[in-house]
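So the sequence lines, in the order shown, correspond to chains A and B. Per the numbering used here: the first sequence = residues 907 to 1167. Per the numbering used here: the second sequence = residues 67 to 565.
Among the clues, some could well be false.
Unchecked claim - Here are some of the chain A residues that sit facing chain B, going by a computed Cβ distance under 8 Å: (1) V917; (2) I1102; (3) I1117; (4) I1120; (5) R1121; (6) A1131; (7) E1132; (8) V1135; (9) L1138; (10) M1139; (11) A1146; (12) T1148; (13) A1149; (14) L1150.
Stated by the list, open to error - Some chain A residues near chain B, calculated using beta-carbon distances under 8 Å: (15) V1114; (16) V1130; (17) A1136; (18) T1142.
Just so you know, the hints here were simulated from the structure itself, not pulled from any lab data. All residues carry an ideal CB built from backbone N, CA and C; glycine is no exception.
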Amino acid sequence: MTVLLLAAALVTATGAVATLAASDSRLGLVGLTASLVAAAFVAAPLPDPTVLAVRLTGALLAVAILRAIDGYATSAAGPIDDSRVARRDPAGRLRGWSGSADAGVDSRRGGLEPHLGWLPVAAIAAAGLAAGLSIGARLDVVTASSAAAAGASGSSTVGIGPGDLATELGSAAGLSIGLAALLIAIAAGPALVGSIGLRRAMACLLVVEGIDLIRLGLTTTATVAEEVVAALMLVTVAAAATALAVRRPAPDEADEPVVET
Amino acid sequence: MTLAISIVVAALGGLVALAAPAMGPGAGRAGRILALVAALACAALAVVTPVGDLLSVGGLRLSATPAVRLAELGWSGALVGLGLIAAALRIRPVTAPGLVALAAGLAALAADLPAVAFGGLAVGGAAAVLVPSMPRYGESRRRPTGAAAPAGVVAPATLAVLGSGLLALVLVAWARSPVGAAASGAVVAIQDVAFQSAVGLAVLAMAALVAVRLAAIPAHLWAARLVGAVSPIAIPSALAWGSAAFSIVAITWSEATLGSAGAAIDPLDHWLVILVGVGGLALGALASILHDDLEHVLGYWLIGAAGVTLLAFAAPTAAVVPWVADWTFGIAAIATGFAAWIVVVRWSFGTHRVGSLPGWARRSPGLAIGLVVLLVGSVALPGTSLWSSRASIAAAALPGAPGTIVTAGAALASLVVFGRLLLVGLARPAGDVAAAPPERIGRLVLAPRGWTGGGTGWLVRRGKAMVVANLALGLDLVVVGLCVLGLLISALGMASAGA
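With the sequences and hints as input, model every part of the structure.
Structure (structure tokens):
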């Protein structure tokens, strides 16, 4: 495990937690940027400059697109649910991203708008990381030496010995899978439920990044074409989330379609 | 090289057309024209693309197989026809997002890397679903496009399309890993029981993703709501063509995964897939027969057809792959003609309810011809590509009498769906149909009303007046043209693309 690998993993994890735990959308966007950029460096050895450039471009472009949601929310004309900063009621309690009248209740959806705070999100992240590292350690993709040893002995099992544990956990592949589990653990819920807005969009991006880390952890190498497609997926998810978040609801968004005659 | 040119033309044409409205008041119209021209160019390039055309770029190999040529021919032809209808009726255009989806679909079908294929299909599918649903898309002073689809409808649809592609990437990554099925010198012994189970589960998971993407029952809600919220001309690109490409890539991957692992599908998985496939076919057909609004008739007909596609995953062998290609592209081509027919019926008679359309065929013989062509194409005569592929897929999953029953049932379902519409059309015209103005019914008008000759430029004025007066006839001709294209693709399949 190199210092760069460890630093990249740390920044990825911290950034992801900050994305969803922060009550300020600006901090959330900074956290998302840090997480996506650092995830590009979770590899040993470092990928080609071309591959790195593609990953970074996709990450930065996706965040730049999401800025449109943040900008829209701060404009006077934006009828968007998510407030730029989570509001507090007169008693000082957090209202969450929806900023609706009742504490933590999303009046439009009739359900709770989740806003867990730093400690719960960090705890979920830690649990996800532990689960991911455990799964990664049990998979013989993590180190070539383990794979070669299993092949030489004709073993059909995918276990590892205790002495290899530190090596297995600290490898790029193991860290990728661990970080992927962390990202999906904290982001899957906000990505699937809640009103369509900046927070849900950022959660979707974290899920996409998590899936990409699984891909890299399992395959360890990827072609430029695959990296381009992965970056395109990130940008597409960001664009889709932005398009859905900033759309003005039609005055008669009813069940019956309009007959275009 | 020709294939690469097609992909670039489609992608650039679509993206420029999408960005054009932001460039100025007149740029939107120029963008729509550019999109039509790009679609025409793709159709022309499809004719001249040689089978086996190969290109290598960035570790990726693109080869023009018969399936690629068939997709290019049919899909670009569909975009041209639907684009002309949208232009004539001044409704929300779908050519630009369709071109983006076409470029992604062609690249996916031609690519030798499944990860690139699934990722591209997810991106293209999202464009086809999301863009036509956006408020003010395609809107101009002379083109009020009406209310957009609700976010609660569009978001699940986008999630289904993107999510199925994303999760497919995980399966592909597993297969390529040292513990996966496709890696050479796999660490785990192939005979390992757990490994065999893992391979079977991976194929089952891929079948589940196909079910989501194709909106097969029970994962059909997103599509059922989408068809009621968007214009019918957006449905082919969103639900039919992109889904066809996805299912072909998925079945190819499944067959390769099982083959490289030396594994076979588990009997439990086999029967589970059959249950979902046959159940989806039956329930989709039933819903299509019972629904009153035309968009849902089309949507559920597609959902029922997805059940047949799913049966291919019960026995994913190398022989099944071309059958799936013929079946899915044939269905997509028929669906395109049907979507065009629905739009013109809505415009002509001012309604989209089957119960409000008695006598439509008597008033509009052109549309009647179109529906008859669709009926013949969808039921399919023995010996045609659609019939053979449907029968072969069913026989591979359910050998013997059960497969024959499924084949006959699928054909009968299409007969009832389209036959019901035809029977309603042969009744005495009443209500909205009887009250439809003559200028909205397809008849040849040689002497336009209110036109006066003489003066400078009378020929141009005469031409314009003729076009306006015969708009309904022109629309009928485009609809019949799309229906005939659907019939040809369903009848000939990949043979029409030089297979």
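V1135 of chain A as an interface hint toward chain B, with CB separation required under 8 Å: Holds, because the Cβ-Cβ distance from V1135 of chain A to chain B comes to roughly 4 Å (cut-off 8 Å).
Restraint satisfaction for I1120 of chain A [CB to CB of chain B, less than 8 Å]: 6 Å, holds
Holds or violated: is there a CB of chain B closer than 8 Å to the CB of A1131 of chain A? 4 Å, holds
Return the status of the interface hint for T1148 of chain A: holds when the least beta-carbon distance to chain B is below 8 Å, violated otherwise. Violated, about 11 Å.
Mind checking the CB of V1130 of chain A against every CB in chain B and telling me if the closest is under 8 Å? Interface hint status for V1130 of chain A: holds (4 Å vs cutoff 8 Å).
Identify whether the interface hint at R1121 of chain A stands, where standing means a beta carbon of chain B within less than 8 Å of its own. With Cβ-Cβ at 4 Å, under 8 Å, it holds.
Any CB of chain B closer than 8 Å to the CB of I1102 of chain A? At 6 Å from the nearest chain B Cβ, I1102 of chain A passes the 8 Å test, so the hint holds.
Hint check: 8 Å Cβ-Cβ cutoff, M1139 of chain A to chain B: Result: holds, 5 Å to nearest chain B Cβ.
Chain B contact restraint for A1146 of chain A - C-beta distance below 8 Å: 5 Å, holds
Is the hint on L1138 of chain A kept, meaning its closest Cβ partner in chain B is under 8 Å away? Interface hint status for L1138 of chain A: holds (5 Å vs cutoff 8 Å).
Hint check, E1132 of chain A versus chain B [nearest Cβ-Cβ separation less than 8 Å]: 5 Å, holds
Supplied contact hint for A1149 of chain A, tested at 8 Å Cβ to chain B: 6 Å, holds
Violated hints, in rising order: 1 and 12; the structure is consistent with all others.
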